[in-house]
Amino acid sequence: MSDPTAPDDPAGAHSGPRRVIGTPPPAQARSLMGDGAGSAPPVQRELPAGPANPVRAKKAERVVAAFFILSMLASIGFIAAYIGLEVGSVDAVFRSNLALGLSMSVAFLALGFGAVIWVRHIMPTVEITEQRHPMRSTTEERQAFNQTFTEGAEASGFVKRPLLRRTLIAATLPLAVAPIVLLRDMGPLPGTYLRHTVWRKGLRLLNYGPNTPLRPADFSSPGGMITVVPDGYQDDDDALAMATSIIIKFQPGVLGAPTHMNWTVDNIVCYSKICTHVGCPAALYDEQEHHILCPCHQSTFDAAHGALVTFGPAPRPLPQLPLTTDSEGYLVAASDFQEPVGPSFWERG
Amino acid sequence: MTPLSFTWRRRRVARYAVVVLGLGLAGSVYAAITGAGESSAATAPTTMQQQIARGQVIFQQTCATCHGLEAQGSNVAPSLIGVGSAAVYFQVSTGRMPLREQAPEADRKPPQLTPAQTLAVAQYIQSLGGGPTIPTPAQVSTSGANVGLGQELFTADCAQCHNFDGAGGALTNGQYAPSLNPSTPTQIYTAMLTGPQAMPVFDDTTITPAEKRDIIAYVINTRNTPNPGGFSLGRVGPVTEGLVAFLGLLFAVVLSAMWITAKHRKTTDE
Amino acid sequence: MSVERALEGTGGWLDDRFHGARGFRVFFRKIFPDHWTFLLGEIALYSFIILLLTGTFLTLFFQPSMTPVVYHGSYHNLDGVRMSEAYASTLNISFDIRGGLLMRQIHHWAADLFVAAILAHMLRIFFTGAYRKPREVNWLIGLVMFTLALLEGLFGYSLPDDLLSGTGLRITEGVLLSIPLVGTYLQFFLFGGPFPGNDIIPRLYIIHVLLIPGILLALITAHLFIMFHQKHTQMPGKGRTDTNVIGAPMYPYFMAKTGAFFFFIFGILALGSTFAQVNPIWLYGPYTPVGISSGSQPDFYMGFLEGSLRMSPSWTWDLAGHTVPWDVLIPALVPLGLIITGAALWPFIEQWATGDRREHHVNDRPRNAPTRTAIGIATVTFYGILWLEGANDVIADHLDISLYTTTEIARYAIFIGPVVAYMITKRICLGLQRKDLHMLQHGVETGIIHQLPSGEYVEQTRPLTEDEVAELDVRRPEKLPIEAATSAGGVPPRGMRGGLGRLKLAANKVVTESVPIETHGNGYGHGNGHENGHGEHAALPTGSDHGTDEADDGRNGTPGSHA
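Protein chains in written order, with our numbering: chain A, 1 to 349; chain B, 350 to 619; chain C, 620 to 1182.
With the rest of the complex left out, here is chain A (with noise of 0.2 Å):
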């Protein structure tokens, strides 16, 4: 409405009257009729423009203008302290941390409580009602877009032509299969790969972490367990995942039935780590009674006999591998695991 080009001309070249800075009228909610809809600008004022107690509003401006030069300077000391404090050790990642997260925090909360004291006691109290509509269109506005479609669906011809149609619907089909046919490179086919593990005949079970082999005369001591895995597959982790196992010294007469004994070397037995629940290392375990504990949702093996399942959600017990020595005394797998270790599977049978 007003001419951009013309000069600012105190008069009142432009719309309406200059607003005039003093005393705000009495504040009270306004109603605000209609929802703008009308072109017209408001005449009568909707906000007041200061507030109501205006002594205390200066006081906290002061306020206010603390906290936003105290956050000033905080971020500042964020700068500072970057620019300052080495990192590369534990001790100095730890004083940087807090020097960073320290002036950071104060920046930010510094600002945030400036920010409400403005609210609160600078700007006035306001309660302003507006009206609704509901949210349901009226009937002749209904009425008109329904027309509008209408009208559009019978001018494409898409109603009318059911040649058209089902063509188009039939072109749709694959072509919105299509990305999903795309993914099938995403991965292999399973086949049989969780049918076995790596291990087969003679093949070594070495100590997991310095990776050496073993005789039973160095793992001897009754109540001893290690983690053991196949000799050369120790950096192979999709190896490990499904052919890490443990070893488990016992006293002579406790293994029993149904652990088989003919695939036991010297009361060693050895059975897969993987938990037959969801695949987690069952590992804890305890020696005095004898159990395997899964730490992840408590699934517990009793190691003595067959490593049956006595508590928790595993449905199966863990799968024993057989043992057996070589020529030179080393602790061997006699072959592969008989059944499919780890987890369930539709396939598994």
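Wrong hints could be hidden among the right ones.
[Unchecked claim] Straight-line C-alpha distance at most 20 Å; calculated SDA-like pairs for lysine to any residue:
#1 Lys612/B - Met869/C
#2 Lys649/C - Gln131/A
#3 Lys752/C - Pro134/A
#4 Lys752/C - Val763/C
#5 Lys612/B - Pro54/A
[To be verified] What the simulated footprint calls covered on chain B by chain C, stretch by stretch (three residues with Cβ under 8 Å from a Cβ of chain C suffice, anywhere in the stretch; the number is not a length):
#6 509-516
#7 533-545
#8 578-591
Simulated from the structure, these hints should not be mistaken for laboratory data.
Glycine included, each C-beta is placed from N, C-alpha and C at the ideal position.
Following the hints, complete the assembly by docking chains B and C onto the known chain A.
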């Protein structure tokens, strides 16, 4: 008034004096008879034989009621023949033995015997049936250890019970793997070596002394590593983090929301 | 004034191009009712923005690669250890990038706060009935965002490939495998082969930094736009009806308050990240399928799935060469499925049971919808028991409870708990309603005791203020008008016949159970029935008769003649 020197026995203070004298006499006699431990602490026996003999005495006083006079065991305690000085050192120096009560698991508590007494009993038990021995200081020193290998071994064989940080964890039937934070290097070594209670046995051929040293170095280093991110929240993991997220962060944010939307007091503003 | 000059200058320039004057004015004058519970959604919104900002920083330094490397960096406890590049780069961010650890921690705490805020916001919406017409779609959008937030967090904390989160991925693999028919294929396709493979971290990375944030941004925009368009709900109070909204305008009030709130959230997160260490992956060590830590839990928002997996009995079917492991399928699918499906259907079930098709813009106080509140608390109890069981080993260790006992308790509590919670909550709500009714009828007790000449002691009550009356005097959920609509021959109205109709009637009875506001036509009984022996009550202001129900059928909680 009668002269003081003959009537002091009639004064009230005399009663107390007699009691104090009597107690002092009884205590001194008792100490003289049984105070061999306290009085001999300053003059520890130096020969192995003296240690073993002394250990036997302490054993018979402190342990034999449960473990039997010959350490042969009973229906409430196992035989100690062959457990070795390492086992005794672990159990006694952590205060687990003498046992306070029959429970699923013996708790760590302040030790009842001094280090010299512990050593003596350990040597005595060692003399009975052999077994794993207490490691030398060199064997538990952390300098020059391969901390990375220690981490791999700890993760594969220890963390599942003791937690990634050695904070401990629950086992079945009221048992638990204790926190490693109060343990000394020798205690960690002897625990691995002897497999106390529910803990498996990791003898020196399964995990070699050098590998044990690496594990100890990892545990001690991790324990001593400061927390660069702030308070550790117990190094328990996401459980405490979740609690802090709700009770700390969300709570603080909600408080600020309440302040932001609080109504004005009616006194000054409308 | 320079404000006017700026409006002429820049404002004019923009308006010439965008026709913005009217639209922006509507936007600036948008009214926002004020209540702290209305800010819970904003906590989620601002946490999301903070996640975007800190996350962008992290992407500059993180390597989403599973290629194994041997570490020789600043954290000496892991010197010589074999790990993935992802893990090594996270160590690098933590120890060798200035501000890296702070950004990592803010990012993680913001993610925790994001989900916690969504939960709080969702509960607020539920308990105040803000999901009712016309906001059902927004409720559904919210549920989708909730699920996406859970996934986003899970994928995010799995990116560093540490022992704890890697164990979570292992469990994910096990759950995928358990799915009948397609499980093994899904697992191999997601992981690009057997677990762990080389592909999962880069794939989770792109889902985490691009796909889900993109979808979330779109949904958040829709969510906010719908809220704007429909206007925010408001709490019951004086003058507040279903046809108005009372509060302060967007500009400058709400903008200032919401800006301040953003600073508070960022500041509190920064403070938390300075003093509370989170996700210390250097202590967990790199992921290896060989090892695991006791007390392994996912982040809290996945804890309920963990709990359901722990409490499941071991139950599996082996039939004809195929295995269906119910011990995995049931816990993985049933609790989450129940909660999300139930929540999604609830607005429509409630509409069906109450027959209420009106728009609602005034919130309910939870006590005024006893059945809804009771169902909500029962669901919270169900969720909470699963959550606690997810932490059962930590609880067992720290509170000295036997491990198996916690699981046994949980197995019973999961069924008994919600039922008991429902019954107790409903009774509490009805009791609170009676208390409100008592206050409406008799005024507020002041604690001032008078003795009458007859010797009797009575307590003086003061009348309720208009604000208080407006809060308490709200419409109760109505029973279906079945008597009125039943024909003379005894035939029930259409829609209430047959089995489904009887079910609807029964549902209606339960859902609308509430303490009625009595004797509406008599103005709460003051003026009638209060003269005999009740004269000592300072009665509610006389003359404010409320008319009858029929007269103000568009009844909106405003007492009749009050201004």
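Tested hints:
no.	hint	in the structure
1	Lys612/B - Met869/C	holds, 17 Å
2	Lys649/C - Gln131/A	holds, 11 Å
3	Lys752/C - Pro134/A	holds, 11 Å
4	Lys752/C - Val763/C	holds, 18 Å
5	Lys612/B - Pro54/A	holds, 19 Å
6	509-516	holds (count 7)
7	533-545	violated (count 0)
8	578-591	holds (count 12)
Checked against the numbered hints above, the structure violates only hint 7.
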